[in-house]
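Q: Spelled out from the first residue to the last, the chains are:
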Amino acid sequence: EPEVTQTPSHQVTQMGQEVILRCVPISNHLYFYWYRQILGQKVEFLVSFYNNEISEKSEIFDDQFSVERPDGSNFTLKIRSTKLEDSAMYFCASSGQMNQPQHFGDGTRLSIL
Amino acid sequence: AQSVTQPDIHITVSEGASLELRCNYSYGATPYLFWYVQSPGQGLQLLLKYFSGDTLVQGIKGFEAEFKRSQSSFNLRKPSVHWSDAAEYFCAVGGASSGGSYIPTFGRGTSLIVHP
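Which chain is which? The protein sequence lines are A and D, in order.
Take 1 as the starting number for the first sequence in my numbering and just add one per residue.
Take 1 as the starting number for the second sequence in my numbering and just add one per residue.
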């Protein structure tokens with residue numbers, strides 16, 4: 001069964017540094033998402049992306065965040081100047097249609113020191 | 001605004017026992033409802049979903065859930081739990097948002113512990 005893959009599985013970064021989290025969605029999917037899960041808390045929506053633009057974003061997704069689909073397969077989340085509170089598990093997801101369930105990757109654990 | 005409540009943070013059951021995980025939601029229209037499971041170090045795997053139709057939904061791994069509109073609930077059940085079912089379970093509610101995307105709202109999760 002096709003999978004959403006995320007790299008790296010664990011990223012350790014110094015506070016203030018830029019970090020890019022990478023995702024390869026399922027190949028024929030059109031809708032892409034990023035979520036965040038701070039340790040012990042619920043999964044929170046960050047942003048959705050369709051047709052090469054952001055279709056929706058949450059309050060968490062401020063100016064330090066950006067997303068990009070640089071080619072036909074990758075979907076990236078960039079955090080420009082990381083803060084301690086950005087430490088979390090970041091999940092990428094994709095779906096074939098807007099109202100279909102999303103398929104999640106295994107996540108990238110981001111640790112900010 | 002939509003929301004999901006999972007009232008149980010932890011549930012402990014013996015292997016072979018039956019299981020019910022509770023989920024209550026708040027949503028203005030007919031919701032889309034989901035249960036996801038998260039094993040340690042892994043992503044979210046969809047167990048089952050309810051969009052419309054039969055209110056008793058069958059999922060993978062022997063799980064089922066029942067949509068009860070009058071109680072705003074979507075409880076997850078399994079008649080006999082296996083040790084491999086130990087994981088975190090998330091209920092989610094969603095529907096088309098004002099921006100046109102479909103964004104589920106997740107509950108805080110229920111951690112299932114299975115005793116041998």
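These are computed hints drawn from the structure, not numbers from a lab.
Hints should not be assumed to be uniformly reliable.
To be verified - Stretch-level coverage of chain D by chain A, calculated; a stretch enters the list once three of its residues show a Cβ under 8 Å from a Cβ in chain A:
| # | stretch |
| --- | --- |
| 1 | 9-15 |
| 2 | 62-73 |
Stated by the list, open to error - Just the calculated beta-carbon pair ranges, DEER-fashion:
| # | chain 1 | residue 1 | chain 2 | residue 2 | range |
| --- | --- | --- | --- | --- | --- |
| 3 | D | Ser-72 | A | Gln-100 | 35 to 41 Å |
| 4 | D | Pro-79 | A | Gly-16 | 30 to 36 Å |
| 5 | A | Thr-13 | D | Asp-54 | 45 to 51 Å |
| 6 | A | Met-15 | D | His-82 | 39 to 45 Å |
| 7 | A | Ile-60 | D | Thr-30 | 25 to 31 Å |
| 8 | D | Thr-55 | A | Asn-51 | 32 to 38 Å |
| 9 | A | Pro-70 | D | Ile-11 | 25 to 31 Å |
| 10 | D | Ser-72 | A | Gln-41 | 19 to 25 Å |
| 11 | D | Thr-30 | A | Leu-84 | 40 to 46 Å |
Source: prediction; values computed, not measured.
Note that the Cβ used here is the ideal one computed from N, Cα and C, for glycine as well.
Q: Go ahead and decide if the range 32 to 38 Å is satisfied by the Cβ distance of Thr-55(D) to Asn-51(A).
A: Hint holds: Cβ distance 35 Å, inside 32 to 38 Å.
Q: Confirm or reject the coverage of the stretch 9-15 of chain D by chain A under the rule of 3 or more residues with a beta carbon closer than 8 Å to the chain's beta carbons.
A: Three-residue rule not met by the stretch 9-15 of chain D, so violated; n is 0.
Q: May I ask you to test the hint 45 to 51 Å on the CB atoms belonging to Thr-13(A) and Asp-54(D)?
A: holds (48 Å)
Q: CB of Met-15(A) to CB of His-82(D), is that within 39 to 45 Å?
A: Cβ of Met-15(A) to Cβ of His-82(D): about 43 Å, so the range 39 to 45 Å holds.
Q: Range hint 25 to 31 Å: satisfied by the CB atoms of Ile-60(A) and Thr-30(D)?
A: holds (28 Å)
Q: Is the gap between the beta carbons of Ser-72(D) and Gln-100(A) within 35 to 41 Å?
A: violated (24 Å)
Q: Verify the coverage statement for the stretch 62-73 of chain D against chain A, using a C-beta to C-beta distance below 8 Å and requiring 3 or more qualifying residues.
A: Since 0 is below three, the answer is violated.
Q: Go ahead and decide if the range 25 to 31 Å is satisfied by the Cβ distance of Pro-70(A) to Ile-11(D).
A: violated (43 Å)
Q: Does the beta carbon distance between Ser-72(D) and Gln-41(A) stay inside 19 to 25 Å, or does it fall outside?
A: Given about 23 Å between the Cβ atoms, the range holds.
Q: Take the C-beta atom of Thr-30(D) and the C-beta atom of Leu-84(A), compute their distance, and say whether it sits inside 40 to 46 Å.
A: This hint holds: roughly 41 Å between Cβ atoms.
Q: If you check the beta carbons of Pro-79(D) and Gly-16(A), does the distance land in 30 to 36 Å?
A: violated (52 Å)
In the structure shown, a violation is registered for the earlier hints numbered 1, 2, 3, 4 and 9, in ascending order.
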